[in-house]
Structure formats: structure tokens, C-alpha cells
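> The primary structure of each chain is shown beneath.
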Amino acid sequence: MSASAVAVAVSLGFCAGILAGLFGVGGGILFVPTLLGLGLGQLDAEATSLLAILPTVVAGTWRQHAYGNVRWRAALLVGAASVVGVQAGVLIATALSEDLLRRLFALLVLGVAAQLAWRSRRPSAYPSEP
Amino acid sequence: MRLLAIGLVAGVFSALFGVGGGIVVVPLLILAASVPERCATGTSLAAIGITALAGTILYGLEGDVDVDLGYAALVGLPAAAGAVAGSALQQRVSVRALSLAFAALLAGIAVWLLVV
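Keeping their order, the protein sequence lines are chains G and L. When you read off a place in the first sequence, starting at 1, and then add 1, the result is the number in the working numbering. FYI, the working numbering numbers position 9 of the second sequence as -5, with every residue one higher than the one before it.
These are calculated hints, taken from the structure and not from any lab test. Heads up, a few of these hints could be off.
Unchecked claim - Chain G residues, not near chain L, derived (Cβ > 10 angstroms throughout):
id, residue
1, Ala4
2, Ser5
3, Ser98
4, Gln116
Said to hold, decoys possible - A short, non-exhaustive set of chain G residues, derived as facing chain L with CB atoms under 8 angstroms:
id, residue
5, Gly25
6, Ala60
7, Leu101
Even glycine gets a Cβ: it sits at the ideal position worked out from N, Cα and C.
Extracted from the complex, chain G is given alone in its bound form (with noise of 0.2 angstroms):
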């Protein structure tokens, strides 16, 4: 791997954690292409990304504990659900084609993309709020 990608595979590292800090979601959105970008195939990106997001969420949790964000009680129910849910998406993911998946990712960033887009022109941003 060459020093360029690995600087590039760092900054979208830390841009990931910056996501997630704000908008309380894993990073996955962002370690799949990186991971991708690196050569890593699309089964393996997502499941390498899972991994990636365990540091991610343990590091945004334990900050947002101390600021008094975290519902635990919540947390570990939609936690526990979605054990469950995770069984299902495994399942789907390896029955489907790489390339099909590829595209229903590429998808979902532009959905995410939007989403995004649309919270940003909302008035009540979070520093606003109580």
C-alpha cells in the first residue's frame, strides 16, 4: 500500500468519526468506500467496516455518555433487536450478487447524501435546541 493511500485511508478515517460524533451513526457510510478504494471486495469491505465501526461508537459513546446523550435502557433494546435484524442482512448480503450490492450501496450514500442536504437547510439545527 502506498503512503498516499494510506494518508487518504486516514483522512476519510477521521472524517467517518466526525460523522458519526454529529449524527450518531457508525461511519460505515464513509469506511465501505475507503475500504473499497483499497481493494477490498464488497463482502469483505462491509464486514471489515463493521469492525471499524466498534472503536468508532465505543470512542462517540463514551463522549456522549459524559454530555448526558446516551439513553441506555433504549440503547441496549433497539441493541438487542437488531441482533436479529443482523442475522437477515447477512443472509441477504451473501445471497446476493457483489456487484448488485455495490449498487444498492452506491444508492444508499446518495440517499444519505440527500438526507444530509435536507437537514442542513432546516431550521432547527442542533445548537438551537435546549
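Put chain L on the given structure of chain G with help from the hints.
Showing chain L alone in chain G's frame:
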């Protein structure tokens, strides 16, 4: 009950696309479970920890899928630093300009994914 439904949807999303699922958890917590915005982002992060852990283990058990520890550390460790910075930023500044910047970045990535 609503929380369980949110988790179920997030889990499918997460494993299918290799994301945390926050993209569906945050809006659903706000709209369907009446959680305030900032609490929704903090709560989502905690829930994603469980989701991503389950996904990593289940993909790891798949024989032909490779969970690459080195690559995960390469992007995940800088992201941990970024998450600390992003959480601090969220408490202080308007996220509007940043939202727009990220929207542009993601739109570019989507185009790249579709054409390459």
C-alpha cells in the same frame, strides 16, 4: 415495542450494507420514539456498538468473507479520534455547514461507486 422494531430494521440495514444502522436509528428514534435529537444521536451510537459487534461476529463465521483487522484499524482508529472531535463539535457549533460538506462528499462517492 417501537424500540424493538427500530432495532430489527437497523440490524438488517447494518449487515446488508456494512454500516452501523444509525442512518435509520436516529430518524426513527426522533420520529417514532419521541427522543430529542441529541439524545437520539448518543443513544444510536450505543445501540450501534451491539449491532456492529453482532455483524462482525456473524460475518467472521462466514467462511468466504474476510474481516480484515489491519484495514479495520487503519480506518477505525482515526475514526475513534474523529468521533471524539465530532461529539464535541455537536455540543458547540451549528452542524449545518458541515452537513452540506458531507452531503457533497457523499454525492461524489456515490457517483464514483456507480461509474467505476
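> Each hint should be assessed against the structure and marked as holding or not.
Here is what the structure says about each hint:
no.	hint	result
1	Ala4	13 angstroms, holds
2	Ser5	14 angstroms, holds
3	Ser98	13 angstroms, holds
4	Gln116	8 angstroms, violated
5	Gly25	3 angstroms, holds
6	Ala60	4 angstroms, holds
7	Leu101	11 angstroms, violated
Consistency note: the structure conflicts with the earlier hints numbered 4, 7.
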